[in-house]
Every structure is written in C-alpha cells, then in structure tokens.
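Visitor: Letter by letter, the chains look like this.
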Amino acid sequence: MARVKQVSEHRAEGDVERVYHELRQTLRVSGVDVSLRTWAAHPRFFVAMWEAMGPNVETRAFEELAAGLWQEVLDTTVRWEVLGAWSAVKLGPSQRFHARGALELYEAMQPRVLLMVSAVRLALEGHVVGRRGVPGELERLERGIPSRMAAMEWVAQKPRDALTRTLFTDIEKTVGPPGVPGEYRALACWPEYLEAAWRRLKPRMKDEDFQAAAESVRESARRRALALPFEVPLSRERVAALGEDVNAIARVTQALETRLPSLLLNLSRLVQDVPDMLRQPMPGAARLVPDWVAAEELR
Amino acid sequence: MNWREWQRQQEVLELGQRFVSYVDWGRGPPVVLLHGMPTWSYLWSGLARGLATSHRVLVPDLLGHGFSDRRDRFDRSLSRQAEALEAWMDRLGVVDAAVVGHDVGGGVAQQLAVRFPRRVGRLCLMDSVSYDAWPLPLMAQFGTPWMARRLSPEWMVGLLSWALKSRGFAKKPSAELVEGLLAPYATEVGMVSLSRDAVALNTNQTQVVSPKLGHLAVPVWVMWGAKDRVLPAKYGERLVWDIPGARWVSVPEAGHFLMWDAPHVVAMELFRFLEGEAPVTHAPERPVAEVLWSEGAPV
Chain A
1 MARVKQVSEH
11 RAEGDVERVY
21 HELRQTLRVS
31 GVDVSLRTWA
41 AHPRFFVAMW
51 EAMGPNVETR
61 AFEELAAGLW
71 QEVLDTTVRW
81 EVLGAWSAVK
91 LGPSQRFHAR
101 GALELYEAMQ
111 PRVLLMVSAV
121 RLALEGHVVG
131 RRGVPGELER
141 LERGIPSRMA
151 AMEWVAQKPR
161 DALTRTLFTD
171 IEKTVGPPGV
181 PGEYRALACW
191 PEYLEAAWRR
201 LKPRMKDEDF
211 QAAAESVRES
221 ARRRALALPF
231 EVPLSRERVA
241 ALGEDVNAIA
251 RVTQALETRL
261 PSLLLNLSRL
271 VQDVPDMLRQ
281 PMPGAARLVP
291 DWVAAEELR
Chain B
300 MNWREWQRQQ
310 EVLELGQRFV
320 SYVDWGRGPP
330 VVLLHGMPTW
340 SYLWSGLARG
350 LATSHRVLVP
360 DLLGHGFSDR
370 RDRFDRSLSR
380 QAEALEAWMD
390 RLGVVDAAVV
400 GHDVGGGVAQ
410 QLAVRFPRRV
420 GRLCLMDSVS
430 YDAWPLPLMA
440 QFGTPWMARR
450 LSPEWMVGLL
460 SWALKSRGFA
470 KKPSAELVEG
480 LLAPYATEVG
490 MVSLSRDAVA
500 LNTNQTQVVS
510 PKLGHLAVPV
520 WVMWGAKDRV
530 LPAKYGERLV
540 WDIPGARWVS
550 VPEAGHFLMW
560 DAPHVVAMEL
570 FRFLEGEAPV
580 THAPERPVAE
590 VLWSEGAPV
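Chains as they are written, first to last, in the working numbering: chain A, 1 to 299; chain B, 300 to 598.
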C-alpha cells in the first residue's frame, strides 16, 4: 500500500479541524493519533465517519466495551515473559515521568481507536453495526481531556538521528502501513528506551501464539463493535456518494485493523513492564446532564 | 553535558494539576537559576555543577518550557510562573534562596521578589526582561496564530536557531549547545507550547513590578553582557539606577547568553554574588527615558 498522507493536527482546517477538536474532547485524549489522521486524508468520509461514530463514542457503553477489550489484552500478555526494557535503560526521573505519561495516554486511547476502526471496517463490508438505541437514553461521559493526561508528543516521521530513523524503518516494515504508529513516535523521545523495547518486542511478534492472540483481539474488537449502542450508518455506497475513493478508504481501514491488535499486545507488554502502572489510567466521569436537558433531548 | 544527559538528571514535582521538571544538586545555601525564552534549564548546565560544590543548586524549567508541563491548558504569565515557583520552593523545603534570573526568567525573578519577598534572599538579574524592553518582535510573532499555523516544528527550530546564533551569542556557539537549548521545542507539542508562552509575554507584567523594585530589602546584582544585542545593557543600567544599592556587573565580550560567552567571568561573579562579596562596580549614568525610545528599543 502506498504511503497515505496524514493530516496533522497542526495543519487541519475546516471540518477536519472541527472533528479533531470533537475527537479530542469526546475520546478524552490530548491528541489525534495516526489512525485517525490517516482517515482524515479523506475529509468528507472523515466527517461522515465521525457523525456515525460520535454518538457511540460519547457513551459509557463505548467506554466499557473499550475497557473490556483492553482488559482482554492485558490478561493475554500478563502470562508472557517480562519485557525488561524499562529497567534495562538508564532514564532519569523526568524521562521516566514523561515516558510513563506517554504509555498511559496510549493505553487510554488505542483500545478505543481499535473499536472505532473495527466498527468502520464492518460497516464498509456491509454489516449492520451497532444496536438501534435511541440517543439520549444512555449514560454519557464527561467531555474533556483528563487533567493528568500527558501531551501527545512525537518525534518527526523522518527523524534526523540515525538510530531513530533506522528503528522507524524497521517498525513500519514490521507492523505494516500506514506510517509509524504514534506510540513508537512518542517513545522515540527516549531513543535508547525505544530501541531496548523494540529489540524485545519484535521477535515475539513472529510467534504463532502472538499471531493467534492478535487474531483473537481482532475478533473481540469486531464483536464489541457490533454491540455498540447506536447504529453506525456507514456503507460503501454512502462513502461513494460523498465523492470519496471507497477502495482507498477500505484499504486504509483494513490496514489499520490488521495492525492495531498487534500494536495493542505490544503496548500491553510495555505497560506491564512499568512498575505500579495503573490498568485503567483515565476512567471517564459521568456527564452531568440536568433532567430538563435530558427530557428535551428525548423529545 | 548534552541535553539528554541534563534531562536525565531532572526530577519531577507535581503541583496540583501541573508539574515542574527541575535539577536539584548539591548541599548548602540554596540558589535558584531561572532560564528565559526560548530556552530551558539546560541553559545553566555549564555553571550548575560548579555552583553545586558549595550550594544547593535548583534549576527548574518554567511552566510551559523545557520538560515542565507543556499541556495547552494553563496561564503562563510571569505572575503565574512566580506563584508556581513559590509553591515549588515550598514543596522542596526551600524557605528562601538566592535567585538568579536570565531573560524572561529575570522577569519571573522580579515578580517573585516583589510578591513573595521572603522567598528571595538575594536577587541577581542577568540580561533580564524589564520595563517595556520586551517582548522581542520575533518571540511576539511566534505567539500569533498565523505563525503558529504556518510553521512546522522544523522550520520554527531552524528560525530560532538562526536567531540564537546571529543575535544571542557574542561568540559562535557549538551546534550541540544550540540544539540542546531548542530540543524541547522541536516537536509539534513543543512548538505549540512555545507559541502559548509567547502569547503570555506582556510588558505589563514587568511594568507593574518596576516601581516596587526599589523597595526590595535584599542584595540585588544586575549582571549584563556588554554586547547584548537582544536586551541592550541600557536596560540593566536603568534597573541599577532604580534599585538603591544594586550592584552593576558588566561582562565584556559577552552577548545575551553571557553564561556561555564568558563562563569563567560569570562563574566568578556568581560566586561573589552568592558569598556576598561586593564586585567592582561602575555606577552607570542615569539613563534618560527618551534615549531608550530613540535608540530603537525592541518594543
């Protein structure tokens, strides 16, 4: 697959900028990750995708589905050997603080992104995704980025230092398109740590049980996507009617769904490698909606 | 020491919703070294080790700068910086300290000395922002949405690097030093944070404390690079005139970043400042306000 251009948050304009803002507020993350940035290269599809997914993403049900998925991933990898990267490198207190913050951020975000990707993939394949819930009936989460979530900081896609550049090439080749995943670009702020981690993560990815675990995560994400509370009104026809390249979008979405489970397994190993890391770092608070507002919505 | 090694030495302190990265070395009477813009605590890496042989050297990154909190959700004004520093000193058990501020750090030091006088046992202002001498046009422009939207991190760092080399130093700095000074701003998060820092620059924040500097009851030194082309020495002379008893130290052959242009001279003068020894002083002629305007004040 040819490299797909990503729309950075910095460069986003118009509706894409608006959707980025809503994504950050609703997903409650401090930035927009590679997967979503890649979708944003098709702006009309991107807006339609968010209109379809947004009502789901803001609910407690979505949060719990994503949390359940992440718990499955943690339970799978907790039996695997300890990674040992965290203790193998010499990082100072400030560096560990920030690296840990980056891991917490991706831990909070990536399961939700996989759930979104699976829902879109299934919808584009013609499945009926989500249930026929009525908006306003379900508990929604407080919007906004948790106060202690780290900023989403990345090293450039083409870094100047040779070590990171080599690592990025290897990572992209191993995990597949499109582009170097955000968590690795974040961890590249501490190149020695990324190198130590990747050297331990990569060999395991070829193992049969790793592949089987990834497939299991993928299937679980699909099952959970089908159980979203509200229907996801997306289809190839609708995307075509928007004037977008359906095949290109399907290819990107498929590529994302192929690699995200493996990335989640790796992320889980990284998280479990850090002492005393919280399993659910950024739980969402209920959105306080006055009764009269809820009643208004139900009419 | 390169910037990664310096960052490795940093510790992190959480202050409510914010966090401060800092270096805390040595034992003895405490001295706090404050950096300016667009730098971070690494600015002091050349002097800190030496000072730590006889003092407790505390070198924080200001909020929004370096590797302190750079998330886009707080006030970065000088007064807020001073409040955060006061809380930070409190948490570290530092009752009062000798405070040395460079550039914007000097503005923060002025705020700290005026608003929290018991925290400042001695005050040294080095090539400091003061009166209406700032913000510099380039830094002010970084705060405009137009600039922030159109520059990439690479371009911005390139521009700053050029500005530092051509205006900041009297002697050619090493590439490693310039890269280190700008390292935290070389990412999108860093660039946005610097833009927010630039927005917070406001002449009023020094103007409001200027009339009160004369009431300070602690030893005050004003140290300036004689060849400073960023904040001309006449502003330092005006400070000395307005602060009764203030000592004037002009460092020949040094530009704005005097601690790198003339490290031995600055180290010697700092030891004298900390030990309470009076330097050879040359009381400047009283500056005339009109002169400040007519000689191309960088307003």
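In case anyone wonders, no lab produced these hints; they're calculated from the structure.
Glycine included, C-beta positions come from ideal geometry on N, C-alpha and C.
Mixed in with the good hints there might be a few duds.
As the list claims (entries may be wrong) - Only part of the chain A face toward chain B is listed, based on derived beta-carbon distances under 8 angstroms:
| # | residue |
| --- | --- |
| 1 | Q6 |
| 2 | G14 |
| 3 | S30 |
| 4 | S87 |
| 5 | A88 |
| 6 | V89 |
| 7 | P93 |
| 8 | S94 |
| 9 | F97 |
| 10 | A156 |
| 11 | Q157 |
| 12 | S235 |
| 13 | Q272 |
| 14 | V274 |
| 15 | M277 |
Visitor: Hint by hint, note whether the structure agrees.
Guide: Hint check results:
1. Q6: violated, 12 angstroms
2. G14: For G14(A), the interface hint is violated, since the closest Cβ of chain B sits about 13 angstroms away, which is over 8 angstroms.
3. S30: holds, 7 angstroms
4. S87: This interface hint is violated because 15 angstroms lies over the 8 angstroms limit.
5. A88: For A88(A), the interface hint is violated, since the closest Cβ of chain B sits about 15 angstroms away, which is over 8 angstroms.
6. V89: violated, 10 angstroms
7. P93: With a closest approach of 4 angstroms, the P93(A) hint holds.
8. S94: holds, 3 angstroms
9. F97: OK, holds: F97(A) within 8 angstroms of chain B, min 4 angstroms.
10. A156: holds, 7 angstroms
11. Q157: Violated. Min distance 11 angstroms.
12. S235: Status violated, d = 34 angstroms.
13. Q272: violated, 22 angstroms
14. V274: Nearest chain B Cβ about 15 angstroms off; hint violated.
15. M277: violated, 16 angstroms
Going through the hint list in order, the structure does not satisfy hints 1, 2, 4, 5, 6, 11, 12, 13, 14 and 15.
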